[in-house]
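Sequence order for the protein chains is B and S.
If you read the first sequence in the numbering used here, its first letter stands for residue 1, the second for the next number, and so on.
If you read the second sequence in the numbering used here, its first letter stands for residue 1001, the second for the next number, and so on.
Read the hints as simulated data drawn from the structure, not as lab findings.
None of the values given here were measured: they were computed from a predicted structure.
One or more of the hints may lead you astray.
Stated by the list, open to error - Below, in silico cross-link-like pairs of lysine-lysine (BS3-like), each with a Cα-Cα straight-line distance of 25 Å or less:
1. K156/B - K1156/S
2. K1134/S - K134/B
3. K1156/S - K201/B
4. K156/B - K201/B
5. K1201/S - K1156/S
6. K134/B - K1156/S
2 protein chains.
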Amino acid sequence: MEGRPGSQDGQIASPRRAPSQQRSRERVERMLAAASALIAEQGSDAMRMGEVAERAGVSIGSLYQFFPDKRAIVWALAERHTAESQACISAALADVSDAEGLRRAFSELVEIYYRLFLAEPVMRDIWSGTQADKALRELELADSRANAEFLTVVLKRLRPAADPAALETTAFLVWQMGETAMRLAISVGREEGDRLVAAYKRMALRELLTE
Amino acid sequence: MEGRPGSQDGQIASPRRAPSQQRSRERVERMLAAASALIAEQGSDAMRMGEVAERAGVSIGSLYQFFPDKRAIVWALAERHTAESQACISAALADVSDAEGLRRAFSELVEIYYRLFLAEPVMRDIWSGTQADKALRELELADSRANAEFLTVVLKRLRPAADPAALETTAFLVWQMGETAMRLAISVGREEGDRLVAAYKRMALRELLTE
DNA sequence: TAAAAATATGAGTAATCCTCACATTTGCAA
DNA sequence: TTGCAAATGTGAGGATTACTCATATTTTTA
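Build the full structure now, drawing on both the sequences and the hints.
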């Protein structure tokens, strides 16, 4: 969306160089801490590299000594959480051996994840997408609501006795999940994409047709 | 992710000025056509305003005469399709009066949408997000697959007779939809967010626990 | 202790969005 | 027709910011 000099070829490079001395390890920590704070305050899109360097008390050059580009910083922060939550997921599901166990473990997992989404600034930032697109996505959301509304009308007609708010939530969610399935489908191969869309259709219909 | 001069406050402005003369209407059409072609070729992120102007045969100034910023062009293109697909959705669902009708209409709708996703460059561009984030999302996807894998293992354990590929697709989709539900939940109000997560949990469990 | 490797610096480069002062064309009333 | 206001057209330059690189300093190693 904006001007830029350097390279940008859709790759996420690893740290340009691993800090091997005590001194640089501490400085890298300061950089990450500064970035984390700035992301929490304003989001990664508004975060300026110069600002990160200044707050960390290092020069802009040092920043690029260890992080090849802006995304690498965000990603480095994200990776810590990713590893942690993978361990958590693995632990929660490891011992499941029957349906009831799955129900309990999965329910708990959803709650944990939801709290993580609500509370963790860096992950929240990544999950929210760039600030630049926020306005676009807001409009998309409005469109999606409008589309889901057509579905809501049908559901209310078919199930007059059900709670209207619940039907609205269901319709909205089903619709949004459809868009997710499509998005996924076009970003994976065609074959897997077809399977995903088919699976979505089945799931959605089950939800829509079960009273 | 990059440098920029002007204003950017998360708003999408409407055309700065509506073209009222025949001449300018034609020029605006040319601008939109040029933008559409460029988006199809390289995506909106790589599309440069100067390039749009050049290909449309107008000056950069004229572009900004009618479009306040880059996003406005993309959005103007998207709006045409949006109106069209809303009409299509409305028509497909309008006459549904029973469960079988809903099943048919919804199935057809999913297919239509899927084809639209696959074929329409501008919408595909919007749905794919910015190029800048593509690498990040690829890594997110990998993480998501890894997380879903834990779920797959459980499902295979609980349903040894089922088709493994189908279980993988289900687990992946369920997981991805969970992330969608979370993303939604944090971008709407807390109350609606809670309802969405609860609805997701119910849907996911129904899918996971039904053989 | 001297050479090599790692680390630090920040002014400068490059890239691109968008503005603005001024030129040109069009619509329209006298 | 003529004159004027409104609409439209222009493109050089302002502004911002990611990232580089030649050079200086510190740490490790031989």
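Okay, the hints, checked on the actual structure:
1. Our distance criterion of 25 Å between C-alpha atoms is broken by K156/B and K1156/S, whose separation comes to about 37 Å.
2. For a cut-off of 25 Å, the pair hint linking K1134/S to K134/B stands: about 16 Å separates their Cα positions.
3. A hinted pair counts as satisfied when its Cα atoms are at most 25 Å apart, and K1156/S with K201/B qualifies at roughly 22 Å.
4. Simply put, K156/B and K201/B have alpha-carbon atoms about 20 Å apart, close enough for the 25 Å limit, and the pair holds.
5. A threshold of 25 Å between alpha carbons decides the hint, and for K1201/S with K1156/S the separation of about 20 Å falls inside it, so the pair holds.
6. A distance of roughly 39 Å separates the Cα atoms of K134/B and K1156/S; the hinted pair therefore is violated under the 25 Å criterion.
When held up to the earlier numbered hints, the structure conflicts with 1 and 6 and fits the remainder.
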